[in-house]
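Work out the full structure, taking the sequences as your base and the hints as a guide.
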Amino acid sequence: MTDDLAAVAALHDPVRRALYDYVAAQGRAVGRNEAAQQTGISRTLAAFHLDKLAEAGLLEVDFMRLTEARPGPGGGRPAKVYRRGSIARTVTLPHRDYEQLAALLAEAVHDTAADDRAVAAAGAAGARLHEPGAWLSTLRARGYEPYPDGDRVRLRNCPFRQVAQAQPLLVCSMNLALCQGIAGGDATAELDPRPDECCVSFSKNKSR
Amino acid sequence: MHLAQLNVGRLVAPLDAPEVAEFVALLEPINALADDAPGFVWRFTASDTDSAVAYRHDSGDDLLINMSVWRTRQDLWNYVYRTRHLAVLQRRREWFARTVEVHSVMWWVPDGHLPTAAQGLARLARLAEHGPGPDAFTFKDFHEPSGTPA
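So the sequences go chain by chain: A and B. In terms of my numbering, the first sequence opens at residue 17 and continues consecutively. In terms of my numbering, the second sequence opens at residue 11 and continues consecutively.
If you are wondering where the hints come from, they were derived from the structure by calculation, not from laboratory data. Don't be surprised by glycine CBs; every beta carbon is placed ideally from N, CA and C. Don't take every hint at face value.
No more than 20 Å apart at the CA atoms, straight line, and that leaves these computed lysine to aspartate or glutamate pairs for DMTMM-like [said to hold, decoys possible]: (1) Lys-220(A) - Glu-147(A); (2) Lys-150(B) - Asp-212(A); (3) Lys-220(A) - Asp-202(A); (4) Lys-150(B) - Asp-37(A); (5) Lys-222(A) - Glu-206(A); (6) Lys-68(A) - Asp-37(A); (7) Lys-222(A) - Asp-212(A); (8) Lys-150(B) - Glu-115(A); (9) Lys-150(B) - Asp-127(A); (10) Lys-150(B) - Asp-85(B); (11) Lys-150(B) - Glu-123(A); (12) Lys-220(A) - Asp-131(A); (13) Lys-68(A) - Glu-115(A); (14) Lys-96(A) - Glu-115(A); (15) Lys-222(A) - Asp-132(A).
Which chain A residues face chain B? A few, computed with CB under 10 Å, are given here [said to hold, decoys possible]: (16) Glu-123; (17) Ala-124; (18) Gln-181; (19) Pro-184; (20) Leu-185; (21) Leu-192.
What follows is the structure, encoded as structure tokens:
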């Protein structure tokens, strides 16, 4: 947990926080120039803070040729790019470990074939969260990171990722029911899994 | 090394019965999805014309055998749980009898090696008898090719 605390503490600086939020929201690798421009700071300062975030494990570093690279000295060199780190950071003081408990309960539910009841409970919980017209802000507030993709809305983040990795059948079914409840009549949630994202996507319903 | 997997299931009705017609109709598109999935190496087919599954007649049961080979654990995981295959998997209880027996196993094979159904079933029997180990394991109790638990 010490590492997690250090990682979270690295976000205390508002410039770093803005850089992290920007990189995380893109869902792809971001170069130093772009990050600097988008957050309104110098490239040198952005590079310094991006590297601090990478040191803390909040961002992952890669090298790739960016389209903005120009011919000439240095132009063909791969640029340093950053994307959000895949490790989840949790700080609870005093320490709590609901993730382990959730994993154990999920295993028990799955092994006793009680999936249907768990899914029903998730659907009811989603329905309680439903506010007409507010499904997107509800999803955002709950960490799903919704983003538009053509005429659909996809979810960049799976808030249950760790447990979903261990019990994907149960957790993805429960999550779909939860999302359907949150969306209510505003949108139709469907199972639409893809690597590294949430397994649900939405199509907006015509306003009635 | 490549990752081989085998899973078996007992259908609630014969393949030509209306109870499983929806499942049978899904076999071809879902298998095509596997064939096109990143990291897919090979899939067991009983004959050139059989798009999907082997049928173990000798047991007298409607036992379906599914066996495939993948480049990595992540490739197989992404296909099983991160494609439209997941939705089919979630409906498994409509089509497959609930059994407590071990129904799924993985093991490592040298690149280019294509396991036979008998070899796959032997791995399943090993898992059922001895529990997970380097020669027969599952996603939950995964073992790396070196033999160490993941």
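Leu-185(A) as an interface hint toward chain B, with CB separation required under 10 Å: holds (6 Å)
Should the hint that Leu-192(A) touches chain B count as held when the rule is a Cβ pair under 10 Å? holds (9 Å)
Can you confirm whether the C-alpha distance between Lys-220(A) and Asp-202(A) stays at or below 20 Å? holds (6 Å)
Mind checking the alpha carbons of Lys-150(B) and Glu-123(A) for me, to see if they're no more than 20 Å apart? holds (11 Å)
Hey, Lys-96(A) versus Glu-115(A), does the alpha-carbon distance stay inside 20 Å? Violated, at roughly 34 Å.
Hint status (Cβ of Gln-181(A) to nearest Cβ of chain B, threshold 10 Å): This hint holds: Gln-181(A) lies near chain B, its Cβ roughly 8 Å from the closest one there, short of 10 Å.
Straight-line alpha-carbon gap Lys-150(B) to Glu-115(A), limit 20 Å: holds (16 Å)
Identify whether the interface hint at Glu-123(A) stands, where standing means a beta carbon of chain B within less than 10 Å of its own. holds (9 Å)
Would you check the hint for Lys-68(A) and Asp-37(A), treating anything up to 20 Å between C-alpha atoms as holding? holds (14 Å)
Would the hint on Ala-124(A) be counted as holding, given a Cβ-Cβ threshold of 10 Å to chain B? violated (14 Å)
Run the distance test for Lys-220(A) versus Glu-147(A): straight-line Cα separation, threshold 20 Å. The given pair, whose Cα atoms are some 15 Å apart, holds under the 20 Å limit.
Check whether the Cα positions of Lys-222(A) and Glu-206(A) lie no farther apart than 20 Å. holds (16 Å)
When the structure is compared with the earlier hints, violations turn up for hints 4, 7, 12, 13, 14, 15, 17 and for no others.
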